[in-house]
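S.K.: The lines below spell out each chain.
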Amino acid sequence: MDSSGIVSSLALMRDRSNGLGGGFAAYGIYPEYADYYALHVFYDSEEARRKGEYRLRRYFNIVWEEEMPTRRRRGVKRSPLIWRYFGTPRDEDLEDWDPQEAAVEAVMEINSSGEGIYVFSSGKNMGAFKGVGFPEEIAEFYRLDDYKGYIWTGHGRFPTNTPGWWGGAHPFCLLEWSVVHNGELSSYGTNRAYLEMFGYVCSLQTDTEVIAYIFDLLMRRHRLSLRHTVQALCPPFWEQAALMAPEEREAVAAIRIVYSAALLNGPFSIAVATSQGILGLNDRIKLRPMTAAEQGELLAVASEEAAVRVLCPEPERIWQPAGGEPVLGLVKGAESLWP
Amino acid sequence: MKKLVSLPDYCLACGMCAIYCSAAHAGSELDVVKAFKQGPPPPALVVEKSEMTAQAAVCRHCEVPYCLAGCIAGAISKDPQTGVVTCDQGKCVGCWTCVAACPYGAITVRSWKGERARAYKCDLCRGISEVPMCVKHCPNEALLWQEIEGEGQYEKNRRAF
Amino acid sequence: MALSLLQPEFVVERDEERCIGCRICEGQCANGVHVWSEEDQKIKTDSSNCVNCHRCVAMCPTRAIKVSASSLRFRTNFNWSDRAIYEIYQQAETGQVLLTGMGNDREYPVYWDRLLLNACQVTNPSIDPLREPMEVKMFIGSKPDRLVFEDGRLKTSLPPQLELELPVMFSAMSLGSISLNVHRALARAAASEGTFYNTGEGGLHPELRKYGQHTIVQVASGRFGVDVDYLATGAAIEIKIGQGAKPGIGGHLPGAKVSRQISETRMIPEGTDAISPAPHHDIYSIEDLKQLVYSLKEATRYQKPVGVKIAAVHNVAAIASGIARAGADFIVIDGYRGGTGAAPLRIRDNVGIPIEFALASVDRRLRAEGIRHRLSLIAAGSIRNSADVVKAIALGADAVYIGTAALIAVGCHMCQKCYTGKCNWGIATQDPWLVKRVNPEVAYRRLVNLLRAWKHEIKEMLGGMGINSLDSLRSNRLMLRAINLSDREREILGVLAAGE
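Chains as they are written, first to last, in the numbering used here: chain A, 1 to 339; chain S, 1 to 161; chain B, 1 to 500.
Keep in mind the hints are simulated off the structure, nothing from the lab. These numbers come from a predicted model, not from an experiment. Treat each hint with caution, since some may be false.
[Said to hold, decoys possible] Covered stretches of chain A (in silico footprint by chain B; criterion: 3 or more residues with CB under 8 Å from a CB of chain B, positions within the stretch not fixed): (1) 179 to 188; (2) 236 to 243; (3) 250 to 261; (4) 265 to 274.
Positions of the beta carbon are idealized from the N, C-alpha and C atoms, including for glycine.
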């Protein structure tokens, strides 16, 4: 699919943003480099770029690099330097080498270096395109009409707690995870303190960042199923758990006890994507809207029904999921959100 | 019938129960100072204290009251409806028989305001307060007002003798 | 005998118009302040031994008594305060270590009062606890790094956990320092509200075994009352290394408070001072502690959480890290404002650090080392109200212990004379006439009321912050802002300044 659907869908929701952030993630956009990690990087300055590339080369074997193709757009001002690199993590010869762990470690170290370098997308055959501006302006800026992907996510921001800056726009990505978020995480401090114990550094000054890392920790590192991950992030209330069968109740309690700091509190509507599919989820007392629709082979999820109808004008099914009830769409052949 | 129960474990022998019994029967629960300055009637319960323990000797309003049996003037009667045993002071001659008869030591005979001695006996504050004054004001909840069916344990024990 | 230079601290005055001569005050004062004079047919007052406990004031049916601080002052001297001078007179007259009770009362800053809480507005809706579920359940115990599921079934078995219906427990107060009646009330209130009380180092009275599922049994340096049944009865075991009120020294129960009942429960002779040794004489290093932790786990077949209580001192973060690695399932950190039944005055007032700093630095250190989840943190040492509870959790605690607050709920008036054994409120005494003054039924109701009120207030504050589960408040320092704190203090606490 090209970008026109998602861009017009977001343009319709213009009033929900204030122009201080817009962004997209797309999957399947780099077929020639499908086996390489596509790193999208912001640099504050030329000097930051020199230092940044030095760091990048320490962690990755880079096979191709170029400045991100963009076009000038009036609404999008003062962009940082934006580059993209394709490569594979180094140190293949180390025992227990896990390229994904190596890539995550590299991104965390680079982003916390304090030298004005931010790797804002680090997955294979996918990429994030984000900045300060309305989403449709950002789409034009990044020349999104040049790309074709099989999954698209997008977001327009109305920043509240945290500053509107290029790194703070959504989506937030790590490996093939991308997250867009409507809401505010009251549990940000707790989530962050928990993640930092496991080596994740939250450097992008925005609460949404923790969502991407929590999914990475629970589903990739700890290999929890999507069902159990959702039960950690949006646990059933204790009074609901009391009515469950003993085995299920025990599992739900264990998840709640062990993953209590991964609980996402505060209103949220999130769309999480990986190369395998997308997940839509609301907080457990449904303080934010979400509508999902299916038409043919397309699944669309958005904060507003109008936005969904742009993509699915004659849906076979259209619904609002309950709080804590996931909406999951997997591509053909995929078995779970994280392979 | 609801009766008074006294708990020696928590009785401090402070005498608060007696003070409020007096003050309330003088018509002045809320102003103890006023009641006492004008000389309140003697209390209808006796606070007993020894080295080992303390307890308010409260009237049990027995099913078969010994005081009633001993009263030579017919001043003591038991209300058939409420079960409350009261002493009509108009008829009381101050003979002390009820004092001697009561196995609980719950009655006293005193002279008040220079008049002839009369028996002062618990009336469960009927006509004065829904909850008896002593129960209401005991600072340590050592006096309870509880439903006791038929004979209380004390009476059963008494019969055993 | 030479002249005593000590003057009465307090003056007791009686309104003769209101006094009805009922002699209740005489009966209620254990210090002989009020005495009936047959000759004069009235109560006479001698203020010299008044400790300002307010018992007579509260018990007087006509509110005829007033107690105030003596207006006799020395010349104004900000260095030699009246107190400093009297303390010297006292030592010159007795040659003894000055003793005191309850917690540090000196004018150090109270850091809870320099932390402010957030509330959600506009960008995030606050939650109404009367209409939405608000979960304040908490689990104390070691948590594994992760859970493993196989074919959808849970494979990991969790280490033993204590389940709390609210994040407040009753702190360790030994049977001996306080009476059995108070223990009865604490145990019953803990059981009915779904939380726990702690035996303290005085052993467990047989009558209270039935509350075992809600009891944390303490193993202190004196090992009073510790045997296999004691360990088996409790729901968790706490090794007491130190106490906030007197870091570095052991428990102290003056002989006056060692009645027959206490002597039986503690297994020591009646009337002798029960002084617990300063260290456990089998724990001289961290590896010795690890040995004790595992001995206790073996003795209870790994079915109960075993934790360690320490006083907040300078290197509390390093100590806590060591304890975490020694296998403890929970750590209790007791700040310098913690209460006590008896302690040397100088130790109480000068040794230890505030719980706010200790808690924040332990939490951050354990997180920096990636081991915070291996044990639960319990904060103690002057938690005075539900806001302190919320702030403690935001700074990193899983739950708090309340000691002084619980005793105040029962009736304590903070006269600090617990060590004399003459507690007029019947709490910190073993004198049977005084012990009676706490009716466990009444005390139980007061404790339950306190816990329920605090639980509701905690829910309101959480709702205001846009949180509906206590899990999301733990270590959430973004919910706090500092006011009146130096930059360095804020850095240590990890809290931004109000306005940031």
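S.K.: Would you list, in rising numerical order, the hints stated earlier that this structure does not obey?
M.R.: Hint check: nothing fails, all pass.
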